[in-house]
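Novice: Construct the entire structure; sequences and hints are all you get.
There are 2 protein chains.
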Amino acid sequence: MLSMLKRIIIGAPLKSTELGEQKLNKKKALAILSSDALSSVAYGPEQILLVLVTISAVAFWYSMPIAVGVLFLLTALILSYRQIIYAYPHGGGAYVVSKENLGENAGLVAGGSLLVDYILTVAVSVSAGTDAITSAFPGLHDHNVIIACLLVVFITILNLRGITESASILAYPVYLFVLALFILIGVGIYKIITGDVSSDLHAPIGTPVAGISLFLLLRAFASGSSALTGVEAISNAIPNFKEPGPRNAVRTLMAMGLLLAILFSGIVFLAYYFGIAPKHEETVVSQIAAETFGRNFMYYFIQGTTAMILVLAANTGYSAFPLLAFNLAKDKYIARMFTMRGDRLGYSNGIITLGVTSILLIIIFKGQTEQLIPLYAVGVFIPFTLSQTGMLVKWLREKPKGWAVKLAINLTGALISFLVMMMFFITKFSQVWAVLIFLPLIVLGFHQIKKHYVAVGDQLRLTTCEPIKPIEGNVIIVPVAGMTHVVENSLNYAKSLSADQIIAVYVSFERVDEKIFEDKWNKWQPDIRLVTLQSYYRSIIQPLTKFIDTVEKKASESNYRVTVLIPQFIPKKSWHNILHNQSSILIRTFLLYKRNVIVTTVPYHLKK
Amino acid sequence: MLSMLKRIIIGAPLKSTELGEQKLNKKKALAILSSDALSSVAYGPEQILLVLVTISAVAFWYSMPIAVGVLFLLTALILSYRQIIYAYPHGGGAYVVSKENLGENAGLVAGGSLLVDYILTVAVSVSAGTDAITSAFPGLHDHNVIIACLLVVFITILNLRGITESASILAYPVYLFVLALFILIGVGIYKIITGDVSSDLHAPIGTPVAGISLFLLLRAFASGSSALTGVEAISNAIPNFKEPGPRNAVRTLMAMGLLLAILFSGIVFLAYYFGIAPKHEETVVSQIAAETFGRNFMYYFIQGTTAMILVLAANTGYSAFPLLAFNLAKDKYIARMFTMRGDRLGYSNGIITLGVTSILLIIIFKGQTEQLIPLYAVGVFIPFTLSQTGMLVKWLREKPKGWAVKLAINLTGALISFLVMMMFFITKFSQVWAVLIFLPLIVLGFHQIKKHYVAVGDQLRLTTCEPIKPIEGNVIIVPVAGMTHVVENSLNYAKSLSADQIIAVYVSFERVDEKIFEDKWNKWQPDIRLVTLQSYYRSIIQPLTKFIDTVEKKASESNYRVTVLIPQFIPKKSWHNILHNQSSILIRTFLLYKRNVIVTTVPYHLKK
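Taken in sequence, the protein lines are chains A and B. According to the UniProt record's numbering, the stretch in the first sequence is residues 1 to 608, in order. According to the UniProt record's numbering, the stretch in the second sequence is residues 1 to 608, in order.
Hints in this document: simulated from the structure, not taken from any laboratory. A portion of the hints provided could be inaccurate.
Repeated chains share a single entry, so a pair holds when one copy, or any two copies, can fit it.
Said to hold, decoys possible - Within a straight-line C-alpha distance of at most 25 angstroms, the following computed DSS-like cross-link-like pairs (lysine-lysine) qualify: (1) LYS428 / LYS366; (2) LYS554 / LYS495; (3) LYS469 / LYS572; (4) LYS553 / LYS495; (5) LYS469 / LYS242; (6) LYS450 / LYS495; (7) LYS330 / LYS15; (8) LYS594 / LYS553; (9) LYS607 / LYS546; (10) LYS553 / LYS608.
This one's a predicted model, so the numbers in the text were calculated from it and none came from an experiment.
Specialist: And the structure:
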């Protein structure tokens, strides 16, 4: 039943050998891996204006040089990640690069903050997309949280079905969004060129502004660079690309960088030229669109595709999180289950974990996850800084051909990333302090887990651990609840094992009972020793465990092994199980984990 | 850890032999078993006036003859239950009486409706008590649901600790409530006698009222008789009384009847004499108290004890539900676990089930469980009618000394109960129709469960079931995940069992892997046959099960038994378990329930 439902939802399992066919071509990869980065165009320019408006509308012209700064940072990041892709063709991004060049802890800081960041990405983007949807249909506004959760479930299922299939569905909205913004920018500039727009709407570049400070400009710059979150996704996902992976990845990266640069500068320019001020109730993109087209079909087309790409931005997290988790798990820093491929060859445990945790975040923050944006931006720039510093060290150490240029690129990237990160800490400390507490805890957790795995490995390896004592003989204990066919079945099995001793144990709640039982037993199974235990507190486990301990102590002295053989009848229908005391399961679990005995269950299947 | 917490909350376990000491004396029994009945005085009179007010205030004098009718019904019920207690000294109430005299289905209808009713009692009374509390402290009003749930948890814990202990705590509020109402009625009547109250406040008895109908009067009577819910509790709980149980129970019943009669008629009389009309925002009892004392200390004392007894009324459910569940479980109509005594000798499974289900009801109805009152009243009068009809049949069949009087008493009781029940169905059908659907479903469920238990018994009994085939030999299958100490340990054990064949099974995900593994294995364990299975879909269970099926089929032909021996390492700390794939548990559960093989787990305890 359950497995049928699973098959309907995520599709029939794929063979491991079909892995290659699940890989992405460049067009699909661009859609699937860049929706996060591209969608930030919808809010990045606004973030800059929101800081500048605290001075005055005259200060808006500063958005132009700031945008140039952001473009510069973008170029540095793209060039830098281009180098990373070629240097690390098996993917891994910030975690792998930092770990290999800066050491374990730097890698773990990068990995830990990215891991949390992808969860934040999903929660924040889906909440933002839901807001856009419910703004269009105000009747749904009370159901924000449930809508957001359903969207996460939907994206999770798409990803469990496999990346190629989800890519096909997700590619359309992304390309439609790009198309919509291209038209918007094109028509906007055409109107400006044809003189349709008055040049009085904005203060000319260079107008002196009272009260402006370097601190404020840097803060605006930091806010604007939140538009760059997501550019690292491609470098993490090289193994998902069709061969040749690195080359295809670099081409996709360059295409994404170009698109991002055009859209970002276009929007900033139009916002400046149209003299648009950020409003609480309407986004900057919406204002530009209304200014350019009026509220006609094109306006709603732009708004619609924007809402869709915000939801889809979550999908970037789904491509990157499972791969990062795989890398961390392979290195034993998180649970091994993240290395396993599911029915459809995706790392399904990572996908499900991401879905569940982001739904939890959405529920905890009641769908108002905007408060998490600064946290999320910091979580991106920490690994940016680390990975580029890592590349720096790599070039210095290896000194390959043309290393000076490469060094210069990564040095620039590292410096700017570091500055942006510090800007966040200095200007928005009240919103990002949590990073300073959680990140060390996460890294500590990683170390604990690795320590455990290493210890287990040492204990299991044949070459390193002490030899096992030989088994001289076996004692079998059979707890019996009565004289039934189930017990008879178990006793027959016990006899067939040629053990040295078989003891049946009966736990009695009342003294009278005990005597009658013993007499009956001796007639029924005269050759099997019966031990009756009195339970004053109506517990079966307690007296049984005490008895087993005594036997086990004696047995281990002469290297005998103790087997507890539990008779269990299995009802025909699974709902019948609730009608029977599950004491056999309790006893089995308790003995297995708490005592050094072997536990055998002898099933007796009922026929009706 | 958990067991320590349990010990702190519900106390150290008691020996089975301490059972006698846990029993109730009359004073405690009165408090613990009659809080439901007595608390209904707080709303019963009001229910009558609420019906009469639909005609006019002049009609209020009809409350006096109606009250006489209710007192008559009360007397009939009390006398009737007195006879039941003597006739059924082991308790059981409506379920046992109906089953023995009217047949299985009548008993199950009575038992089923009472079982649901006790859950409703708890939910309704606790919600009502919570309303009273949050009316006093309006700041708490938004937290109604959580307060009600906490109160249920509190009462559940008290009952898990054992009846005597909870009786001590619960006795005070009950007696304080009785005291408070006695003072109220006494002072009220004193004021009337001394002429302090004008006799113009009410219409004299017998004043003609326009528009009155028999239907309306019967409806008022039915509503008023909701004050009688809970009188059956004592007859269910005779086994909880100190010896001699039946005599003590009857004395307690008579005392409760007397108290209930005095309080009920006192309140109805004062309400009539003071000319009090039911108000939406103030209860009738509150109005009488305000009229009598003004809003001084006594007023708040009455309101406070009323709130407390409403909460405690829930406790009646806690005394009756587990005993009824025990009786039903003993007869195999519900799961056997309800027959087991917990650490403190109470039927803890019944207590916990009652607590959990009533919390669910409170949450589902968001604390507004008043809508459930008619349902609850019907659920009481169905078993009332059945049990008294049952007594009727008993007297007719047995004809003991003085049977005519006994017959008359039960006949009256049965007739009135039946009438009241029909009144509810006729006048409040929209609120009680659910009974007609759920009750048959519950009875059907009872039968299904009994059928299952009987079938299981037949299959287990040595005398009735077919002989088991003798075991000719054993085949042991050991699934191995690698060459480790854990596997070595399991293989050593397998060898010590002198099985006829030992097969190690390795599930490989990749072809290359397979060959290497086989070569290594043959060097390591040349005497144990290794079978390698290819898994195309990355599942271990699927190929393993297929292999086991083949072996099992062959083995069963020559009466060999197949044992699957699962090597499992047990981490030192329990949190480590999440770091390891629980495939061994999955395999074990799957094989045990789905296949006819014996499953053995060989633990290897890690030391660090």
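Novice: With reference to the structure, classify each hint as holding or not holding.
Specialist: Okay, the hints, checked on the actual structure:
1. LYS428 / LYS366: Answer is within; shortest intra-copy Cα gap is 23 angstroms, inter-copy 41 angstroms.
2. LYS554 / LYS495: Answer is both; intra-copy 21 angstroms and inter-copy 22 angstroms each pass.
3. LYS469 / LYS572: This pair counts as between: shortest inter-copy Cα distance 20 angstroms, intra-copy 42 angstroms.
4. LYS553 / LYS495: both (23 angstroms within a copy, 22 angstroms between copies)
5. LYS469 / LYS242: neither (53 angstroms within a copy, 59 angstroms between copies)
6. LYS450 / LYS495: neither (45 angstroms within a copy, 35 angstroms between copies)
7. LYS330 / LYS15: within (22 angstroms within a copy, 53 angstroms between copies)
8. LYS594 / LYS553: Within one copy only: 14 angstroms inside, 35 angstroms across.
9. LYS607 / LYS546: Answer is between; shortest inter-copy Cα gap is 22 angstroms, intra-copy 35 angstroms.
10. LYS553 / LYS608: Classified as between; 22 angstroms across copies, 42 angstroms inside a copy.
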